[in-house]
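Student: Quick note on numbering that gives the first Met the number 0: the sequence shown kicks off at 0 and runs consecutively.
Hints were generated in silico from the structure; no laboratory data involved. One or more of the hints may lead you astray.
To be verified - Simulated crosslink set (DSBU-like; lysine-lysine; CA at most 30 angstroms straight-line):
| id | residue 1 | residue 2 |
| --- | --- | --- |
| 1 | Lys269 | Lys87 |
| 2 | Lys140 | Lys193 |
| 3 | Lys282 | Lys87 |
| 4 | Lys269 | Lys282 |
| 5 | Lys291 | Lys518 |
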Amino acid sequence: MKIAIAQMNFTIGHFEKNKRLIIEAISDSRQRGADLVVFSELSVCGYPPHDLLESDSFAELCSKSVAEIATHCNDIAAIVGAPVRNQKAFGKRLYNAAFFLQHGQIQAIYRKGLLPTYDVFDEYRYFEPETDFQVVPFKNKRIALTICEDIWNLGEPALYAVNPMYELTKQNPDFVVNISASPFAWNHLADRFKTFSETARKYQLPLFVSNQVGGHTDLLFDGSSGAFNPKGGLVGSLGAFTEGIEIFDLESVMRNTVSPVVPAMADWQKCKTIYQALVFGIKEYFGKLGFKKAILGLSGGLDSALVLTLAVEALGAENCMAILLPGPYSSEHSISDSLQLVHDQKVNYDIISISQTYGSIIDSLNVNFAGYHADVAEENIQARIRAVVLMALANKLGYVLLNTSNKSEAAVGYGTLYGDMCGGLSVIGDIYKTEAYSLARYINREKEIIPASILHKEPSAELKPNQRDTDSLPPYEILDKILFRFIELNMPAADIIASGFDADTVHRVIRMVNLSEFKRYQAPPVLRVSKKAFGSGRKMPLVARYPE
């Protein structure tokens, strides 16, 4: 038996496109001699559809699409993902389902049993969990058909009371198929590989995984689908962030003796993976929304230089516009560094000084500000003037404004609402400042793309004379380590302090993180490249008094 794994880039709600991709892949797989072609979770409608699932017409279009796709499965079988209505008198309206299509019709429906409700997942909001699991017969074989989370219940203690694989293995399956929509995170790839490998090894069965590829606003899906032998060894895989079809011979996979090796990730590999993900995320966001051109403010600092470089790679220099917005405290080297960057990358740019506008606003507020010392209010005015100019150009010229704030700044509120926090997409909002430096060095690994002077200068917002980020924040080498422990590892202050950090610094950082939640609530969507990005995967109350 030959099994084709189809790794496709589906668009949420674009039924005609998704049907076309599936039908073309079925035809291609048939011509290449496949007996069965496997698509990813909710492939018919795209994942995650969120509250579109609450629409009766959306569910109906899913059903019609599945029926139409089935007509193309006369001499080949296919497994596609789509919601299916719950016919019981109780429970949620829908199941998350896998349809086994053969002989021009639906032969079997497998309903997902384990519904994740952690991090970015909220499936129990929409779906009823299944408790009855049956293998699917095909060509004298038995398929243990599963959907994503159904094979992730391997931990000790187990996360779920039900284990679909336990029930399916009682029926003596010959191999496992898992249709998946597992989102990308650089520090999740090893976990995913380990889960797939251990599933195959534990049940001594070949495992075939089709994972979704594509970008859906903040969520990125890398694909990386593949086949595992009964020892848990990876027999073959499809690439990351790319579409494709790979055909595996079942008997060859069963006989394969490659041992499982969980891939290690060196620092340069981490940077390469994040770089690919961010470029892919920009392409997907613009492509699926029908946008072509990006604009951003270029400050002469690392973050905006990094975002411009990523945007140029994703969209082409001809579709990127950089605006230099020097103010009363901008340094000459910030302007010269920015000019070197745009000249080297052949990006269109303009220089628009905000000094006169800033002076006019300060003059108009003299009476209101009388008796007060200059502080963050004056600084924020500069950031907000820049945002007004950038948004005006974006509106007039048809650009999308890219936000250039990093994760360290977003965490501690080192950004101005309606100022430098503006934008349609936060490109590096899930990258800590120290990671941004590493990523820039990776970009410069063969030749200088981001000027070395930008990498070597001390970070500064340049909103007052001789300002440095360290005036308000701990050094990023310390700050990022504290933030990682607090945000990613969910460590309490006492444990962070016990691991070697100054108590006052830890408490101050945590307080800044907690007080800045209202800012992040109004921030643009962040391309998620870690396990714990700001956005849908980290839900915190805006009004709370919990100190940690």
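Student: Would you mind marking each hint as holding or not holding in the structure?
Tutor: Now for the hints, and whether the structure bears them out:
no.: 1; hint: Lys269 - Lys87; verdict: violated, 47 angstroms
no.: 2; hint: Lys140 - Lys193; verdict: holds, 26 angstroms
no.: 3; hint: Lys282 - Lys87; verdict: violated, 42 angstroms
no.: 4; hint: Lys269 - Lys282; verdict: holds, 20 angstroms
no.: 5; hint: Lys291 - Lys518; verdict: holds, 28 angstroms
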